[in-house]
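Be aware that the sequence shown starts at 2, since it is given in this note's numbering, and climbs by one per residue.
Hints were generated in silico from the structure; no laboratory data involved. A quick note: this is a predicted structure, and the numbers were derived from the prediction, not measured. Please note that the accuracy of each hint is not assured.
Label pairs and their computed distance ranges (CB to CB) [what the hints assert, rightly or not]:
id, residue 1, residue 2, range
1, GLY248, GLY176, 36 to 42 Å
2, GLN293, SER252, 31 to 37 Å
3, ASP87, GLU164, 40 to 46 Å
4, LYS249, LEU129, 23 to 29 Å
Simulated crosslink set (PhoX-like; lysine-lysine; CA at most 20 Å straight-line) [unchecked claim]:
id, residue 1, residue 2
5, LYS267, LYS282
6, LYS113, LYS132
7, LYS282, LYS243
8, LYS208, LYS249
9, LYS280, LYS255
10, LYS132, LYS32
11, LYS208, LYS272
12, LYS272, LYS255
13, LYS7, LYS170
14, LYS32, LYS267
15, LYS157, LYS32
16, LYS249, LYS239
17, LYS267, LYS239
18, LYS243, LYS255
19, LYS239, LYS208
20, LYS243, LYS272
21, LYS256, LYS272
22, LYS249, LYS267
23, LYS249, LYS272
24, LYS125, LYS208
25, LYS272, LYS282
No residue lacks a Cβ here, since even glycine has one placed at the ideal position from N, Cα and C.
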Amino acid sequence: MSDIKKSGIITICGRPNVGKSTLTNALVGEKVAIVTNKPQTTRNRICGILNRDGCQFVFVDTPGLHKARTRLGDYMVNVVKESVADVDAVMLLVEPIPNIGVPEQMIIDRIKTLGCPAVLVINKVDTLEHKEKLLEVIETYTQAYNFDAVIPLSAKEGEGVDELVDTLKGYLPEGPQLFPEDMTSDQPERQMMAEILREKLLLCLDKEIPHGTAVEITRFVERDDEIIEVEATIYCEKNSHKGIIIGKGGSMLKKVSTMARRDMEKFMGTKVYLETWVKVKENWRDNPAAIQNFGYREP
Numbered sequence: 002m003s004d005i006k007k008s009g010i011i012t013i014c015g016r017p018n019v020g021k022s023t024l025t026n027a028l029v030g031e032k033v034a035i036v037t038n039k040p041q042t043t044r045n046r047i048c049g050i051l052n053r054d055g056c057q058f059v060f061v062d063t064p065g066l067h068k069a070r071t072r073l074g075d076y077m078v079n080v081v082k083e084s085v086a087d088v089d090a091v092m093l094l095v096e097p098i099p100n101i102g103v104p105e106q107m108i109i110d111r112i113k114t115l116g117c118p119a120v121l122v123i124n125k126v127d128t129l130e131h132k133e134k135l136l137e138v139i140e141t142y143t144q145a146y147n148f149d150a151v152i153p154l155s156a157k158e159g160e161g162v163d164e165l166v167d168t169l170k171g172y173l174p175e176g177p178q179l180f181p182e183d184m185t186s187d188q189p190e191r192q193m194m195a196e197i198l199r200e201k202l203l204l205c206l207d208k209e210i211p212h213g214t215a216v217e218i219t220r221f222v223e224r225d226d227e228i229i230e231v232e233a234t235i236y237c238e239k240n241s242h243k244g245i246i247i248g249k250g251g252s253m254l255k256k257v258s259t260m261a262r263r264d265m266e267k268f269m270g271t272k273v274y275l276e277t278w279v280k281v282k283e284n285w286r287d288n289p290a291a292i293q294n295f296g297y298r299e300p
């Protein structure tokens with residue numbers, strides 16, 4: 002019988018590259034969301050699940066709120082707005098800068114409209130040379146909204162994460178668990194394989210090219226000898242991009258695939274045989290049907 006007595010959904014939102022996926026992974030205790038130093042890494046809402054002290058936390062990692070330039074961008078912005086509704090609490094994740102930008106103000110306005118409990122989480126405090134700067138950040142944000150709590154932390158270093166979990170316990174309603182206790186993410190294994198491969202594209206490729214890629218897992222088979230066979234197609238928007246992704250003599254595709262396979266094996270706990278192809282699908286980010294086909298569906 003489960004010892005979970007309280008459970009709830011908590012959304013993590015903020016501007017691109019503020020550390021939402023890093024924080025999600027730190028809270029859950031393992032990698033459930035891809036992380037790069039490039040903005041707009043996360044495209045979908047991803048749930049990370051933590052069971053602790055009779056509580057089940059369901060953390061919703063959302064795309065960074067940004068000015069949309071494509072249909073995919075519109076979709077990502079809508080995911081953020083919808084993910085703030087009907088949850089038990091919202092975390093606004095910000096950097097330690099005493100200035101409220103447009104993305105932060107949009108989220109604060111949404112919180113005001115919904116009236117949901119909200120926690121201000123100031124990330125990357127390990128980057129502050131002068132800790133008194135933190136007081137300026139807190140004052141700037143608390144003047145804009147009366148947050149239920151303010152937690153400074155470093156998601157990358159793990160500093161302050163336990164304090165945040167203890168604070169969030171107070172927002173979980175009594176009730177049964179929402180997910181089985183052995184689950185750490187709501188993402189299907191096929192989706193995680195696609196996200197791992199997309200992460201390596203973001204890490205290895207420059208400029209706009211990785212943002213114009215999508216990954217489709219066309220085959221996922223668990224063999225009797227415990228080897229998993231994965232076939233993946235990488236879609237890009239231009240023929241010139243295809244050449245760059247493949248690289249001279251296939252060198253770039255081999256590098257990306259090798260890095261992805263290693264992480265897939267770590268995630269699955271077994272050997273993975275990965276085959277990858279690259280295809281062109283022009284302007285797919287502005288094609289609603291293509292966006293849906295690649296798994297980006299409204300929440």
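Against the structure, the hints come out as follows:
For GLY248 paired with GLY176, a C-beta distance near 51 Å fails the hint of 36 to 42 Å. In this structure the supplied range 31 to 37 Å holds for GLN293 paired with SER252, their Cβ-Cβ distance being about 33 Å. A hinted range of 40 to 46 Å for the beta carbons of ASP87 and GLU164 is inconsistent with their spacing of about 26 Å. Distance hint check: the CB atoms of LYS249 and LEU129 are about 43 Å apart, inconsistent with the given range 23 to 29 Å.
Of the supplied pair hints, the one linking LYS267 and LYS282 is violated, its CA atoms being roughly 31 Å apart against a limit of 20 Å. For the suggested pair LYS113 and LYS132, the alpha carbons sit about 29 Å apart, so the restraint of at most 20 Å is broken. Under the criterion of a C-alpha separation no larger than 20 Å, the hint pairing LYS282 with LYS243 is consistent with the structure, at around 10 Å. Distance check on the hinted pair: LYS208 and LYS249 sit about 19 Å apart at the alpha-carbon level, within 20 Å; holds.
The straight-line distance between the Cα atoms of LYS280 and LYS255 is roughly 16 Å, inside the 20 Å bound, and the hint therefore holds. Among the hinted pairs, LYS132 with LYS32 is inconsistent with the structure: their alpha-carbon atoms are about 30 Å apart, more than 20 Å. A hinted pair counts as satisfied when its Cα atoms are at most 20 Å apart, and LYS208 with LYS272 does not qualify at roughly 32 Å. The suggested pairing of LYS272 with LYS255 holds, with an alpha-carbon distance near 17 Å, which does not exceed 20 Å.
Our distance criterion of 20 Å between C-alpha atoms is met by LYS7 and LYS170, whose separation comes to about 8 Å. A threshold of 20 Å between alpha carbons decides the hint, and for LYS32 with LYS267 the separation of about 10 Å falls inside it, so the pair holds. At most 20 Å may separate the alpha-carbon atoms for a hinted pair to count; LYS157 and LYS32 meet this at roughly 12 Å. Of the supplied pair hints, the one linking LYS249 and LYS239 holds, its CA atoms being roughly 17 Å apart against a limit of 20 Å.
For the given pair, LYS267 sits about 32 Å from LYS239 by alpha-carbon distance, which is inconsistent with the 20 Å threshold. Taking the CA atoms of LYS243 and LYS255, the gap is about 14 Å. The hint holds against a cut of 20 Å. At most 20 Å may separate the alpha-carbon atoms for a hinted pair to count; LYS239 and LYS208 meet this at roughly 14 Å. A distance of roughly 28 Å separates the Cα atoms of LYS243 and LYS272; the hinted pair therefore is violated under the 20 Å criterion.
Of the supplied pair hints, the one linking LYS256 and LYS272 holds, its CA atoms being roughly 18 Å apart against a limit of 20 Å. Restraint check for LYS249 and LYS267: not satisfied, since their Cα atoms lie roughly 28 Å apart, outside the 20 Å limit. Proximity of LYS249 to LYS272 is assessed by CA-CA distance (about 28 Å); at most 20 Å being required, the pair is judged violated. For the suggested pair LYS125 and LYS208, the alpha carbons sit about 25 Å apart, so the restraint of at most 20 Å is broken.
Proximity of LYS272 to LYS282 is assessed by CA-CA distance (about 31 Å); at most 20 Å being required, the pair is judged violated.
In summary, the structure is inconsistent with hints 1, 3, 4, 5, 6, 10, 11, 17, 20, 22, 23, 24, 25 from the numbered list given earlier, while agreeing with the others.
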